[in-house]
Structure formats: structure tokens, C-alpha cells
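Each chain is listed here by its residues.
Protein chains: 2
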Amino acid sequence: MGIVDKSKKLINLFDKDLASRRKIEMKKSDILIVGGSAAGIVVGMTARQYYKDAKITLVRKEEQVCVPCAIPYIFGTLGSTDKDVIPDAILSKNGIELVVDEVQSIDRDKKTVATSRGETIGFDKLVLATGASPIVPPIPGIDLDNVFVVNKDIDYLNALLKSLNKVKDVVVIGGGFIGVEFADEFKKRGLNVSIVELLPHCLQLVFDEEFCIRAEKRLSEIGVNVMTNNRADRIVGDKKAEAVELSSGEKLKCDMVLLGIGVTPNTKLAKEAGLKIGEKRGIWVDPYMRTSDENIFAAGDCAEKTSFFTKKPSGLRLASIATWEARIAGANLSQLRKKQEGVIGVWSTIVRDLAMGGAGMTEKIAKDAGFDLFIGRATTVDKHPGGMPGAAEMNVKLIFEKKTERILGGEISGGSTTAEATNILAAFIKARSKVDEIVTFQMGTHPALTASPIVYPIVRAAEDAMTKL
Amino acid sequence: MGIVDKSKKLINLFDKDLASRRKIEMKKSDILIVGGSAAGIVVGMTARQYYKDAKITLVRKEEQVCVPCAIPYIFGTLGSTDKDVIPDAILSKNGIELVVDEVQSIDRDKKTVATSRGETIGFDKLVLATGASPIVPPIPGIDLDNVFVVNKDIDYLNALLKSLNKVKDVVVIGGGFIGVEFADEFKKRGLNVSIVELLPHCLQLVFDEEFCIRAEKRLSEIGVNVMTNNRADRIVGDKKAEAVELSSGEKLKCDMVLLGIGVTPNTKLAKEAGLKIGEKRGIWVDPYMRTSDENIFAAGDCAEKTSFFTKKPSGLRLASIATWEARIAGANLSQLRKKQEGVIGVWSTIVRDLAMGGAGMTEKIAKDAGFDLFIGRATTVDKHPGGMPGAAEMNVKLIFEKKTERILGGEISGGSTTAEATNILAAFIKARSKVDEIVTFQMGTHPALTASPIVYPIVRAAEDAMTKL
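Line by line, the protein sequences are chains A and B. Take the first sequence: its position 58, counted from the start at 1, is 58 in the working numbering, and no numbers get skipped. For the working numbering, count along the second sequence from 1 and bump the result up by 469.
If you are wondering where the hints come from, they were derived from the structure by calculation, not from laboratory data. Treat the hints with care, as some may be off.
Within a straight-line C-alpha distance of at most 25 Å, the following computed DSS-like cross-link-like pairs (lysine-lysine) qualify [unchecked claim]:
hint: 1; chain 1: B; residue 1: 872; chain 2: A; residue 2: 339
hint: 2; chain 1: A; residue 1: 268; chain 2: A; residue 2: 27
hint: 3; chain 1: B; residue 1: 808; chain 2: A; residue 2: 468
hint: 4; chain 1: B; residue 1: 780; chain 2: A; residue 2: 434
hint: 5; chain 1: B; residue 1: 872; chain 2: A; residue 2: 403
hint: 6; chain 1: B; residue 1: 521; chain 2: A; residue 2: 434
hint: 7; chain 1: A; residue 1: 468; chain 2: B; residue 2: 524
hint: 8; chain 1: A; residue 1: 339; chain 2: B; residue 2: 871
hint: 9; chain 1: B; residue 1: 937; chain 2: A; residue 2: 55
hint: 10; chain 1: A; residue 1: 402; chain 2: B; residue 2: 807
hint: 11; chain 1: A; residue 1: 52; chain 2: B; residue 2: 807
hint: 12; chain 1: A; residue 1: 338; chain 2: B; residue 2: 903
hint: 13; chain 1: B; residue 1: 871; chain 2: A; residue 2: 52
hint: 14; chain 1: B; residue 1: 937; chain 2: A; residue 2: 93
hint: 15; chain 1: A; residue 1: 52; chain 2: B; residue 2: 722
hint: 16; chain 1: B; residue 1: 903; chain 2: A; residue 2: 339
hint: 17; chain 1: B; residue 1: 807; chain 2: A; residue 2: 403
hint: 18; chain 1: B; residue 1: 745; chain 2: B; residue 2: 808
hint: 19; chain 1: A; residue 1: 434; chain 2: B; residue 2: 807
hint: 20; chain 1: B; residue 1: 872; chain 2: A; residue 2: 402
hint: 21; chain 1: A; residue 1: 338; chain 2: B; residue 2: 871
hint: 22; chain 1: B; residue 1: 807; chain 2: A; residue 2: 468
hint: 23; chain 1: B; residue 1: 836; chain 2: B; residue 2: 903
hint: 24; chain 1: B; residue 1: 937; chain 2: A; residue 2: 338
Derived Cβ-Cβ restraints for the label pairs, each shown as a range [as the list claims (entries may be wrong)]:
hint: 25; chain 1: B; residue 1: 872; chain 2: A; residue 2: 188; range: 33 to 43 Å
hint: 26; chain 1: B; residue 1: 755; chain 2: A; residue 2: 402; range: 50 to 60 Å
hint: 27; chain 1: A; residue 1: 352; chain 2: B; residue 2: 691; range: 25 to 35 Å
hint: 28; chain 1: A; residue 1: 315; chain 2: B; residue 2: 862; range: 32 to 42 Å
All values reported here derive from a predicted model rather than from experimental measurement. Ideal Cβ placement from N, Cα and C applies to all residues, glycine included.
Build out the structure end to end from the sequences listed, making use of the hints.
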């Protein structure tokens with residue numbers, strides 16, 4: 001019996017005494033979603049598609065939800081938090097009731113949640129989409145004023161935006177996506193910006209070294225001071241942050257510190273309800289996105305992920321992954337329809353005009369995982385002839401497994417088409433394409449929109465790889 | 470025994486008397502390619518990859534070869550033919566000898582060709598990449614001055630460019646890619662431009678009606694006079710073209726006429742050599758790109774094509790298809806390595822800032838071919854949030870077969886990422902992906918580079934299609 005049928009039955013029991021029913025019945029939803037960002041919204045949209053008549057409720061604690069990936073762009077390109085809001089129309093259009101409140105606990109036996117406003121909401125199926133929170137490292141001075149993390153909270157982000165007006169020198173701790181994108185945006189405001197990164201390179205967890213170096217070069221060209229192989233040991237200042245002391249002994253003067261060193265999944269609710277937690281600290285889920293309680297699903301940053309390639313736990317957390325999981329969770333709520341195959345991981349970023357994208361495993365990650373590899377590379381311009389306006393250099397690297405000849409990953413740097421070109425690689429990875437299938441890829445080309453078909457770089461990189469076989 | 474081994478043996482026979490050998494030996498190449506545009510070049514590059522030591526010769530009649538797809542852009546964006554030349558370095562870098570001459574005949578028994586300069590060149594394997602020529606319709610007035618077709622000949626194109634300086638009103642006959650792109654470029658020069666198209670819509674052979682209408686709207690907005698459902702009956706003028714008379718009775722004043730009504734494969738050489746010709750008038754080839762003579766291959770516009778979907782002859786002719794065929798032909802010259810699966814057909818075009826791409830079958834073509842279909846659509850902006858600079862509306866239409874639930878085609882209109890996004894569809898078509906595999910596509914997204922993951926339009930269109938199942 002589906003969710004819809006069940007709920008109809010429940011209502012029928014009470015039909016005889018509608019008045020008393022209204023009095024005694026607690027709020028109840030066929031599908032109850034906790035969390036209103038990418039995963040929560042898409043679970044709702046997907047559930048609506050499969051369960052036309054179900055009552056779907058989404059509880060979130062924020063009055064407004066910001067577009068999470070675009071948070072850096074509030075501080076330069078967009079200029080205000082207002083321009084980075086996900087419109088709630090997407091919920092109402094899908095018949096999803098919105099409750100602004102915070103879920104405090106789950107009663108798995110009674111199938112209810114309790115909220116901070118004292119409400120109890122019943123559910124048939126519960127979906128946890130509680131997201132992740134920025135890691136706040138325990139370094140001295142972390143509590144000083146003008147030390148910010150990237151909270152997905154509009155009031156907090158407004159405070160950060162306001163503070164920026166009085167700031168000249170910023171230290172960004174962490175050279176991942178967030179750090180690099182914030183640095184670029186801060187430069188657009190004319191600030192002095194340093195990035196402090198513990199690893200030898202910025203973006204090293206998601207790109208191979210040659211791509212990281214390309215990004216760092218572009219950062220330097222626009223005036224960002226990139227300090228890699230360096231640790232922020234202490235933030236010093238009298239009330240407000242005034243400098244960051246590094247492991248190298250250097251001291252970076254600043255008026256503001258921004259931390260972007262990663263996130264940790266929000267699992268308190270799940271833990272307290274006794275749900276199983278995974279090795280990477282996310283809420284454990286099966287391939288159908290069910291938690292250890294078959295009536296409770298999880299999706300997005302709060303959920304544990306498994307690698308498409310190794311079937312081992314994966315630490316990747318991206319909005320695109322969140323929506324993919326949400327599409328699977330949302331379809332499975334009362335009947336198992338979709339099984340996930342593990343996280344491929346596809347991302348892109350941009351430093352001013354240099355875009356970079358990656359799909360699947362980098363060479364380093366694949367090697368570390370024990371794969372025997374062969375690699376192909378190609379460089380060309382992304383329009384043809386090269387004199388077409390806006391032409392940018394495009395670099396493609398493809399990573400294949402020797403044993404199977406299948407693609408494990410790829411990285412692209414280039415212009416405005418980089419992210420969608422990377423998605424072509426994602427499609428190949430999903431299809432477990434062999435190198436030869438990429439050599440004979442039937443792509444389309446156009447002078448103003450792509451590289452020449454003669455040297456189309458994804459195909460050329462596959463051809464190059466074949467010479468290494 | 471491979472080509473390389475064979476040629477070594479041949480040379481060894483003569484080693485004892487090198488002097489006399491030089492005298493009597495005609496020019497001889499292991500691999501001889503006739504034609505120097507996209508297909509010819511890529512056959513050479515591919516052959517070099519597989520046959521490291523082979524002698525490869527390319528004979529072409531043009532001193533310089535232009536980038537074929539970018540010819541319209543010579544007349545506005547690029548401004549000169551110089552900027553639209555394929556550098557011959559791509560041949561020398563691959564150790565391909567270039568001979569500028571015209572092949573006049575093939576002697577299949579002797580395995581030689583004769584050229585217009587009186588040379589005889591021997592071959593082990595011959596590749597015909599002779600391209601296609603613009604169709605010149607037998608309408609009255611076609612021989613008047615200032616009536617041009619799109620010849621891939623730099624001198625001819627220079628003459629066209631020069632004539633444009635004295636021109637104010639142009640009539641473009643044919644509303645396909647060539648006609649639409651030329652019209653856009655002519656408008657950039659400030660000319661008055663009309664397009665005359667026989668069918669109800671421009672681009673109708675490659676896009677469904679709603680996309681054609683979108684393109685026509687953009688053409689009208691930039692001031693192009695679009696005359697569809699109309700035939701050019703006669704070009705009138707005293708020496709020079711002065712007007713075009715239409716089947717509707719209207720008369721379009723002009724100083725120049727440009728014809729872009731299609732191409733016909735160049736098969737004279739093949740026909741005279743007794744090679745089999747296909748139903749669509751191209752040189753017949755097997756799935757390995759061999760003609761009816763196993764020592765002669767054909768690739769590109771001159772070669773017959775078979776549909777990926779129906780396995781019937783296909784009339785598609787695109788540079789991207791040419792290079793794909795060339796990669797297959799080039800790999801198979803002395804050993805069959807790659808088998809082609811039929812032409813998918815992937816293309817893109819742009820009218821000012823509106824890009825459109827298509828992959829595989831349109832709804833109309835698929836219906837006409839007898840497929841039972843279900844369709845999905847999605848519209849969103851191609852960045853997120855929508856306030857990101859340069860955001861454009863993106864429309865995706867996906868076409869699936871009911872019986873198999875597999876994708877047959879897709880069309881996209883949007884901004885600068887349209888062509889690469891269309892290539893994602895091409896990858897799905899090649900992988901024969903089912904609708905559900907596209908719903909669970911793991912794409913990557915970025916605010917400045919793609920649509921939001923919540924509404925990523927390829928995924929959303931697949932979701933929409935599932936509701937029609």
C-alpha cells in the first residue's frame with residue numbers, strides 16, 4: 001500500500017466526527033522533509049512527481065534559503081544576499097507545505113518529530129536533509145570579531161557583507177572551492193587578499209597538480225597572495241582580528257579572516273534518534289537512500305556517500321550530489337524505484353575567467369586507490385578558428401583504468417563552456433565508456449561555441465590516451 | 470602484414486640499385502588521401518597514430534584550406550579569409566606530405582592516381598575525402614553577377630567579401646545553417662537582409678518547430694526579413710542581380726544573392742573509378758569506411774552515411790561527422806580496428822546571442838520514421854541564481870522511444886554553453902541511455918557556469934518525460 005492510500009485510510013477513520021478530529025489530530029504529513037536547501041527542495045519536488053496526492057511538508061529553520069554554491073558571489077558579483085535567495089515558489093508550485101521551525105527530535109516509534117516551537121508533526125516517511133556546517137577549527141583567536149565562516153544563514157551573511165565595508169586586508173584560510181571563489185570576489189571589491197592553504201596546492205583534493213597550478217597562477221595574476229604548504233596557527237588581535245600567524249613564522253596583517261576549510265554533516269538529530277552513522281560521519285544510507293530506519297531517508301550533505309568507483313565511503317559533499325541523492329530518495333519513499341550507483345563527483349569552479357571542471361577520480365586519487373592508469377591530454381582553443389571572439393585555451397585530461405580501458409575521471413580548464421564540457425565526461429563515466437568509445441564520440445561543433453572537430457579536445461585526449469595503452 | 474611492413478619490403482627490393490630506383494620509381498605513398506579539409510586532415514592524423522612509419526601523402530587542389538564551418542563568420546565577425554585558414558602545420562607536425570594538385574582519375578588495378586599536373590602517385594591504401602559542393606539550382610538568373618554560393622575556395626570567398634563593400638540589400642536563398650548564419654553576419658555589416666525559405670520554417674530539417682520559431686524570432690529582432698513558405702523563382706537583373714522574384718508574387722530588391730540550399734557529395738572521381746554510389750548519392754562505404762574496393766576508403770561529405778537509429782541511408786553532412794568518419798577510416802587502413810555504429814548527427818548554430826543545438830532525431834523526424842515517442846521539456850536559466858552575469862534562458866527538449874525508454878534525440882536553446890550541453894545529449898544517445906539514467910545523471914554545476922542543480926534542465930526534461938510514460 002502506497003503512502004497516498006495509507007493517508008486516505010487514516011482520514012476515513014475520522015470522517016464521522018470531523019470536528020473532534022480537528023481538535024485532537026496533531027499535524028501530520030505523508031512525507032515530512034527536514035531541511036530546505038537543495039536536497040530538501042528536490043526531495044519534495046520528486047516526491048510530488050511520484051505521489052500526486054500525498055501531503056508533503058518541509059520544515060526548515062531559515063526564513064529564507066540562499067543558493068548555497070553562489071554564496072561567494074554575494075560579496076562581489078551579486079552585491080547582496082537578496083539576489084541569492086531560492087524562491088519559495090518552487091515549494092508552493094509543487095504543493096509542498098512550508099513550515100519555518102526547527103526539528104528538535106524524532107520519535108521513531110510514534111513516527112513524529114518535535115519542533116522548537118512545541119509542535120509535534122507526524123509522518124509516514126521522514127527525510128533528513130539537514131545539510132552540513134562549516135568546520136570551525138580550535139585555533140587561538142577563532143572567537144575574535146571579524147572572523148567568519150561560511151554559514152548558510154542570510155543574517156550571518158549580511159553581517160559579513162556589512163563588515164566588508166570597513167575592511168582592507170582579508171586572510172582566507174583554506175584554498176578549496178570556497179576559499180578560492182571568495183578570494184576572487186574579494187579582489188573584485190579591491191581588497192588585499194591572501195589564501196592560506198595547508199596542502200602544497202589550492203584545490204588539491206579535487207584537481208591534479210597541473211590544474212591546481214593553473215588556478216594558482218590565475219589567482220596570482222589577479223593579485224591574490226597564495227600561501228600554500230602553510231598552516232594558520234593563530235589569529236591575533238584586540239577584540240577584532242588583526243593578523244594571522246602562520247606555521248612558516250610569517251604574520252599576515254588583516255581586518256578580517258574568512259574560514260573555508262570544509263564542512264561536517266549535521267547529524268545530531270539522526271544520532272539522537274539512534275540512526276546509524278557512517279565512516280565519513282554522515283547518516284548511513286543504503287543504495288535507496290534509506291537510513292537504518294526504513295521509514296527515514298537521508299539526502300544531501302548530511303548523508304553518507306559511497307564512491308561509484310571503489311564502493312568505499314566518500315567524503316565528497318556538493319549541491320549537485322545532494323540533488324541527485326534527493327531525486328533517488330524522493331522516488332523511493334513508498335516503493336523502491338531507483339538504486340544509486342555511488343557518487344561519481346562532478347564539480348567546477350572559476351577564477352575570474354579561468355574555469356576548471358573535474359569529474360570522477362583525479363589521477364592522484366585513482367593511483368592512491370590502487371588503479372593502474374593510462375592518461376590522455378589535449379590542449380586547444382574552445383572556438384574555431386582561434387580568432388573567434390572570446391576564444392579561450394582549453395585543456396583536457398582524461399584518466400583511464402588499464403585493465404578495463406574505462407574512463408575513471410577527467411579534468412578540464414577553459415572558458416565559459418568548461419562546466420558543461422565536464423558534464424560530457426560525467427556522462428561517459430556514468431556509461432562506463434571505454435577509451436575507444438570516446439575516440440569515436442559523435443560530438444557537435446560550431447565555430448562560435450566549441451573547439452574545431454579536427455582537434456575536439458575530449459576526443460583528442462582519448463586518442464592521446466590510446467597511444468599510452 | 471601491415472602497410473608499413475609492405476612498404477619496407479617494396480623498398481628493400483630496390484635497395485641494390487638506388488640510383489636507377491630513383492629514376493624509374495613513380496611517387497608512391499603507403500597512404501594517399503585525396504582532399505584537404507576536415508576529413509582528409511583527420512584521416513592523416515589518425516593514420517599517423519596507428520602507422521608510425523607509414524608514408525602518408527595528402528593531395529588537395531587548394532593552396533590554402535579554410536575552416537569550413539566558419540565561412541559565414543568571414544563576412545562579419547572575422548572580417549577576412551586570412552583569419553579562417555586551417556594551418557598546414559597540422560599536416561607537417563603529423564609527418565603528412567602535402568601535394569597541391571588535383572587528382573583526375575584512379576587506376577584501381579595499378580593502385581595509382583593521375584593528377585592534373587601529370588603526376589602519377591601510387592598507393593597501398595587510398596582515402597577519398599573529396600567533400601561536397603554547393604547545389605546550384607537551375608533558376609533563371611542564377612548566372613548573373615553578384616549571385617554567390619558558398620564555395621570552400623579562398624579566392625572565391627575573397628571575391629564575395631570584396632563585392633559586399635558595394636552592397637546594401639542581400640537576399641539569402643535557403644534558411645538552413647548557412648543561410649541563417651550568413652544573414653546574421655550580413656546584419657552585423659549593416660546590410661538589409663532577407664532569407665527566402667521553401668519550408669514553413671528556417672532550420673526545419675534539424676530542429677523541431679518550437680526551436681525554429683525561436684530562431685526566426687531572434688532573426689526578426691535583429692532585423693532580418695524572414696520569408697518562409699516561399700520559393701525563389703527567378704533572379705532578375707541586367708548583368709548584376711537586382712531582385713529576386715518569389716513564388717508568392719513578391720519581389721525582393723537586392724544587390725547580391727547568396728545561395729545556401731544544400732550540398733551534393735563530390736563523387737565524380739569515385740564514379741569514374743567504378744566505385745559503388747549510395748542511395749543518398751554519397752560514395753558507398755561499409756561500417757569500416759571501406760568503399761566497394763577494399764583498398765579505397767571514403768570519409769566526410771563525399772561518403773554515404775547510415776543512420777544510427779534506423780540503419781537507413783542518412784543525408785546528414787557535417788564537419789563533425791566528417792572527422793568522426795575520418796577517425797574510423799584512419800584507424801582501419803591496414804587492419805580493421807573500429808566499426809562505426811551509424812550517424813547520430815549533432816549540430817549547433819547561433820543567431821547573435823541565441824545558440825541552438827540538436828543531437829539525434831527531432832520529434833518530427835522520429836515520428837516520421839515510425840517511432841512511438843514520449844517527450845520531456847524544461848526551461849530555466851543557464852546560471853544560478855538568475856542574477857549572475859550573462860545568464861540566458863535555456864530550453865531543453867528530450868525525445869525518447871516508448872518501447873525501449875531510450876533517448877533518440879534532444880534539442881537545446883540557450884547561451885554560450887548550448888553546444889557542449891548538446892554534446893552531453895550526444896553522449897547519452899551514444900550510450901543508448903534510458904530516461905531513468907538521465908533523471909539520475911550526476912552532473913556538476915556552478916553558479917557562473919551552469920543552471921542550478923535543483924532545476925538542471927537536462928535532468929528536469931527527463932523527469933518531465935517520465936510523467937508522460
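Tested hints:
1. For a cut-off of 25 Å, the pair hint linking residue 872 (chain B) to residue 339 (chain A) stands: about 22 Å separates their Cα positions.
2. With a CA separation close to 23 Å, the supplied pair residue 268 (chain A) and residue 27 (chain A) stays within the 25 Å bound.
3. Between residue 808 (chain B) and residue 468 (chain A), the direct Cα distance comes to roughly 21 Å. Compliance with the 25 Å bound is thereby established for this hinted pair.
4. Restraint check for residue 780 (chain B) and residue 434 (chain A): the C-alpha separation of about 23 Å stays at or below 25 Å, so the hint holds.
5. As the CA atoms of residue 872 (chain B) and residue 403 (chain A) are separated by approximately 35 Å, the hinted pair breaks the 25 Å bound.
6. Straight-line distance between C-alpha atoms of residue 521 (chain B) and residue 434 (chain A) comes to about 23 Å, which keeps the hinted pair within the 25 Å bound.
7. Between the alpha carbons of residue 468 (chain A) and residue 524 (chain B) the distance comes to roughly 22 Å, so the proposed pair stays at or under 25 Å and holds.
8. Among the hinted pairs, residue 339 (chain A) with residue 871 (chain B) is consistent with the structure: their alpha-carbon atoms are about 22 Å apart, no more than 25 Å.
9. Taking the CA atoms of residue 937 (chain B) and residue 55 (chain A), the gap is about 22 Å. The hint holds against a cut of 25 Å.
10. At roughly 19 Å between alpha-carbon atoms, residue 402 (chain A) and residue 807 (chain B) fall within 25 Å of each other, so this suggested pair holds.
11. For the given pair, residue 52 (chain A) sits about 48 Å from residue 807 (chain B) by alpha-carbon distance, which is inconsistent with the 25 Å threshold.
12. Proximity of residue 338 (chain A) to residue 903 (chain B) is assessed by CA-CA distance (about 13 Å); at most 25 Å being required, the pair is judged to hold.
13. Between the alpha carbons of residue 871 (chain B) and residue 52 (chain A) the distance comes to roughly 22 Å, so the proposed pair stays at or under 25 Å and holds.
14. Straight-line distance between C-alpha atoms of residue 937 (chain B) and residue 93 (chain A) comes to about 19 Å, which keeps the hinted pair within the 25 Å bound.
15. For a cut-off of 25 Å, the pair hint linking residue 52 (chain A) to residue 722 (chain B) is broken: about 59 Å separates their Cα positions.
16. At roughly 14 Å between alpha-carbon atoms, residue 903 (chain B) and residue 339 (chain A) fall within 25 Å of each other, so this suggested pair holds.
17. Straight-line distance between C-alpha atoms of residue 807 (chain B) and residue 403 (chain A) comes to about 20 Å, which keeps the hinted pair within the 25 Å bound.
18. This hinted pair checks out: residue 745 (chain B) and residue 808 (chain B) have alpha carbons roughly 20 Å apart, not beyond 25 Å.
19. Taking the CA atoms of residue 434 (chain A) and residue 807 (chain B), the gap is near 13 Å; set against the 25 Å cutoff, the hint holds.
20. This hinted pair does not check out: residue 872 (chain B) and residue 402 (chain A) have alpha carbons roughly 36 Å apart, beyond 25 Å.
21. For a cut-off of 25 Å, the pair hint linking residue 338 (chain A) to residue 871 (chain B) stands: about 19 Å separates their Cα positions.
22. Pair hint residue 807 (chain B) plus residue 468 (chain A) holds up; C-alpha atoms about 18 Å apart against a cutoff of 25 Å.
23. Restraint check for residue 836 (chain B) and residue 903 (chain B): satisfied, since their Cα atoms lie roughly 18 Å apart, inside the 25 Å limit.
24. Of the pairs offered as hints, the one joining residue 937 (chain B) and residue 338 (chain A) holds, with about 18 Å between alpha carbons and a cut-off of 25 Å not exceeded.
25. Residue 872 (chain B) and residue 188 (chain A) have their C-beta atoms about 53 Å apart, which leaves the hinted 33 to 43 Å range violated.
26. Roughly 32 Å separates the CB atoms of residue 755 (chain B) and residue 402 (chain A), a value that falls outside the hinted 50 to 60 Å.
27. Judged by the Cβ atoms, the range 25 to 35 Å given for residue 352 (chain A) and residue 691 (chain B) holds: they are separated by roughly 30 Å.
28. Between residue 315 (chain A) and residue 862 (chain B) the CB atoms are about 36 Å apart, so this pair conforms to the stated range of 32 to 42 Å.
Hints 5, 11, 15, 20, 25 and 26 from the list above are not met by this structure, while the remaining hints are.
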